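J.: Put together the whole structure using the sequences plus the hints.
Spelled out from the first residue to the last, the chains are:
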Amino acid sequence: MKLHHYALPVTTALVALTGCNPPGGAGSASSGKAAANSAAARTWVAPGEMDKYYLFYSGGHSGQVYVAGIPSMRHISTIPVFAPYPATGYGYDDESKAMLGNFTWGDVHHPGLSKTGGVYDGKYLFVNDNANNRIARIDLRDFKTHQILGPIPNSSGNHGSSFVTDNTEYVLVASRFSVPLPKGRYADPKDYEKEFNGMVSGIKVDPQTGTMSVGWQILTPPFDWDLGSTGKGPSEGWAFWTSYNTEMAHETLEATSTQAEHDYAAVVNWKAAEAAIKAGQFTQMDGVPMIDPAKVPGVIYFLPVPKSPHGIDTDPSGRWIAAGGKLQPVASVFDFNKILAAIEKKDFESEFRGVPVIRFEAALEGLVPVGLGPLHTQFDGRGNAYTSLFIESVVAKWKLPPWTAEEKADLNKVVLDKIDVHYNIGHLVVGGSDTTKPYGDYLVAMNKLSKGRHISVGPSQPESSQLIDVTGDKMAMIYETFTEPEPHFAQIIRTDTIKAIEVYPKAENKHPHAVWDAKDTGVVRKGNQVEVKMIAIRSRFIPDRIDAREGDELIVHVTNVEQTTDMIHGFAIVEQDMNVVIDPGETKTIRLKLKKAGVFPFYCTNFCSALHQEMQGYLAVRPANEIASR
Amino acid sequence: MKDFLRREIFFLRRPLNLMSRLLLLAAAGTLVAAAFLPLWKIHLVAPQYREGLALNIYSYQLIGGNGGQDLHEINTLNHYIGMKTLSEADFAEMKWMPFALGVFVILALRAAVIGRMASVIDLGVMFLYFTLFSLGNFYYRLHSYGHSLDPTAPMTIKPFTPVVIGSQKIANFIQTSLPQSGGYLLAFFLFLILAAGWNSRKEVP
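Chains A and B supply the protein sequences, listed in that same order.
Just so you know, this note's numbering puts the end of the first sequence at 633, numbered straight through with nothing missing.
Just so you know, this note's numbering puts the end of the second sequence at 224, numbered straight through with nothing missing.
In case anyone wonders, no lab produced these hints; they're calculated from the structure.
None of the values given here were measured: they were computed from a predicted structure.
Treat the hints with care, as some may be off.
As the list claims (entries may be wrong) - Below, in silico cross-link-like pairs of lysine to aspartate or glutamate (EDC-like), each with a Cα-Cα straight-line distance of 20 Å or less:
hint : chain 1 : residue 1 : chain 2 : residue 2
1    : A       : Lys513    : A       : Asp97
2    : B       : Lys103    : A       : Asp194
3    : A       : Lys421    : A       : Asp476
4    : A       : Lys55     : A       : Asp472
5    : A       : Lys509    : B       : Glu92
6    : A       : Lys502    : B       : Glu70
7    : A       : Lys55     : A       : Glu505
8    : A       : Lys421    : A       : Glu395
9    : B       : Lys188    : B       : Glu92
Said to hold, decoys possible - Selected chain B positions facing chain A (Cβ under 10 Å, derived; list incomplete):
hint : residue
10   : Tyr68
11   : Gln88
12   : Thr95
13   : His98
14   : Tyr99
15   : Pro173
16   : Thr175
17   : Pro178
To be verified - Here are some chain A residues the structure puts well away from chain B; computed CB gaps all over 10 Å:
hint : residue
18   : Glu52
19   : Arg77
20   : Tyr195
21   : Ala252
22   : Ala365
23   : Arg541
24   : Lys598
25   : Ala613
Positions of the beta carbon are idealized from the N, C-alpha and C atoms, including for glycine.
T.: Encoded structure:
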């Protein structure tokens, strides 16, 4: 374990305090006899010091992304994505309102960092919306959402994303909830098998701008595609998804979709799909080129996986693929080389709607008895895998192949360690596990139940996250924290890989109505429209009086002319449901229908300076009839 | 007394040897460099400005640190106490100072060519006057900015003079003012002039 150099003096201080019975028991027996190596010392980031890693949590049905630091696990900020967030004024100005469309929430599940050459490049974070079939791009230069794509045509239940290819060519998506296609078409759910379809989508990412567009789609049977991962090394150009409803049930899935011993995983050759599109082997559906795999062989194969599996994760070498059995206490390990050989030899057990089903035994390397309810697997880059066990509330560490003959004979021998987590772990993340070079030092367990672990906050409960040090033979629990509902997957990236700005440079502001000087500000009326060009600077708005009439449309372009880090201004109008927050160098446009007469104070909401309170003005709205009578 | 005056005239007529002339050439070069380098720097540090705000003063320009941004920031902060906006356009010095430095470069070259002790003395005396005038002017500028505060400003503080050289506390800021490379070169110029004179102090006319 590599210690931060500042940890030592602090630890010494803790030791010194032990004798005086400090509150909270910082020096209690649980922090270990070797204090320098105690959990407290290993997670302590002194005031003013910085964390080594970013932790980007998906915020689940909060619709947002949470940013924390590792090893401190401190929540540092929240990036609003799919839901309005008054704290940063997101969802009130024209631009963010347009991005949100008519939705007020989303369900963020699996963040995926952009990659170059199979490792994180620190440029973008992609996140999916399981509820409204969207995908968003957060630019890590400013930690802001810059694009929301969707609802994606012909794709419903965007759970199986955001899986990023080795050079961010695509973010891959698979549908969880099949529906009659194209969307908007009615069919009786009783005719599920016949009328409903799933879809795999390749979301193309522009290498220069990061702009996403739907590149292509592959039509699938109405299985419920669940989770996936992209290949690398020998499996580069491929992607894998599990499914949990090969039975194609449409009611009481709890029972009906859990009957089969195996469900099919999708083994997708996305490079072949891309080539098929180039060769014109597609039909258009709802404006998207769609491949029918029955007509284009080689783009998709099915692979049986036991039983109602959840995660399917490719290891850093790209050869080993581990699927969590969920209802069977094993992690199935497949060898990609065997998958390729089976495809080569047509070693198929059957065909389903024109898609070959690879023979299970031909692809399998082994079934590792990890424990009850295996879901997701992460890798440390040293040949170890870590699988979350939902039912058992445990993380199991096990050894990836190649295995010795003795180990193969009894795969219990490759299960190396287990650690309790609290409770019912869902996802887990090891930094860089989905790249070719994992960091391999920390694991974060994201647990679904936190009951009894924190001071009571009533019936609404937070989720628990636990930091586990995986550098030793035995995993060590070193920290526990809580988040709002509800992280699913997360991503970890070294802080120095991200080059963030803290001020929008004036030279980069391309807003057509940005003004930087008081003399360029003003209020202009055009018919029933009142347009204001405003600047915000410590500690005033210029202009600080806006005159309008009842029934007018008010447009305000407000530029924060500051160029100083953290000199952020807010612009809120009382009783008008309006609050934008403008970062230094940024211009935001708001639009309001003035429905009632009166005088409405506006003020700065984001504390800026000693005279922040004084940063206010008035929107004076004359009644409509008064004007008419003149 | 008579003897002193004779010795003085005799001294002023001394020719400059090669070394002295080279020193004068070097001095001219030093001044050319000084014209392009920062002369002085005012640095302001406060708890929320740990990295500090810098004002770099050149013979011909006033530049804020952090790509010019610090000047805006200092002006933004100064408006709270009613200090006049610091703007390069208000400093006439920045127009005549490069010209004055050019004159001294020419005078140094002239002294090197003419090779007379009298020219060296003229140059040294004039430059010393120029330096003292500039420092005095700098002090006067700082004093007048710190003493002509708008009485209607949000905050009323006691008029003050930012320190010319050294550090002092002003409200929540520690202000530090120190010469920079260009300023040191000006001092070095004077040193080279003295060295040129010293080196030829015994030359026979």
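J.: Hint by hint, note whether the structure agrees.
T.: Evaluated hints:
1. Proximity of lysine 513(A) to aspartate 97(A) is assessed by CA-CA distance (about 15 Å); at most 20 Å being required, the pair is judged to hold.
2. For the given pair, lysine 103(B) sits about 79 Å from aspartate 194(A) by alpha-carbon distance, which is inconsistent with the 20 Å threshold.
3. Proximity of lysine 421(A) to aspartate 476(A) is assessed by CA-CA distance (about 11 Å); at most 20 Å being required, the pair is judged to hold.
4. For the proposed pair lysine 55(A) and aspartate 472(A), the alpha carbon gap of about 14 Å is at most 20 Å, so the pair holds.
5. With a CA separation close to 14 Å, the supplied pair lysine 509(A) and glutamate 92(B) stays within the 20 Å bound.
6. The suggested pairing of lysine 502(A) with glutamate 70(B) holds, with an alpha-carbon distance near 19 Å, which does not exceed 20 Å.
7. Restraint check for lysine 55(A) and glutamate 505(A): satisfied, since their Cα atoms lie roughly 19 Å apart, inside the 20 Å limit.
8. A threshold of 20 Å between alpha carbons decides the hint, and for lysine 421(A) with glutamate 395(A) the separation of about 10 Å falls inside it, so the pair holds.
9. The suggested pairing of lysine 188(B) with glutamate 92(B) holds, with an alpha-carbon distance near 18 Å, which does not exceed 20 Å.
10. A cut of 10 Å between beta carbons decides the hint on tyrosine 68(B): the least distance to chain A is about 9 Å, and the hint holds.
11. Checking glutamine 88(B) against chain A: minimum C-beta separation of about 5 Å stays under 10 Å; hint holds.
12. With a least beta-carbon distance of about 6 Å to chain A, the hint placing threonine 95(B) at the interface is held under the 10 Å criterion.
13. Hint status for histidine 98(B): holds, given a least beta-carbon distance of 8 Å to chain A, under 10 Å.
14. Among the interface hints, the one on tyrosine 99(B) holds; its C-beta lies about 7 Å from the nearest C-beta in chain A, closer than the 10 Å criterion.
15. Interface hint status for proline 173(B): upheld, as the beta-carbon distance to the closest one in chain A is roughly 6 Å, under 10 Å.
16. At about 13 Å, the closest approach between the beta carbon of threonine 175(B) and any beta carbon in chain A exceeds 10 Å, and the interface hint on this residue is violated.
17. For proline 178(B), the interface hint is violated, the least distance from its beta-carbon to any beta-carbon of chain A being 20 Å, above 10 Å.
18. Every Cβ of chain B is farther than 10 Å from the Cβ of glutamate 52(A); the closest lies at roughly 14 Å, confirming the non-interface assignment.
19. Every CB of chain B lies more than 10 Å from the CB of arginine 77(A), the least distance being 20 Å, so the non-interface label holds.
20. No beta-carbon of chain B comes within 10 Å of the beta-carbon of tyrosine 195(A); the shortest separation is about 62 Å.
21. Distance to chain B confirms alanine 252(A) as a non-interface residue, since its nearest Cβ pair spans about 61 Å, more than 10 Å.
22. For alanine 365(A), the condition that its CB be more than 10 Å from all CB atoms of chain B holds, with the nearest at approximately 62 Å.
23. At roughly 6 Å, the least C-beta separation between arginine 541(A) and chain B is not larger than 10 Å, which violates its mark as non-interface.
24. Even its closest Cβ contact with chain B, about 36 Å, leaves lysine 598(A) beyond 10 Å, as expected for a residue assigned away from the interface.
25. Distance check for alanine 613(A) against chain B: the nearest CB is about 7 Å away, which does not clear 10 Å, and the non-interface claim fails.
Hints 2, 16, 17, 23, 25 from the earlier list are contradicted by this structure; the remaining hints agree with it.
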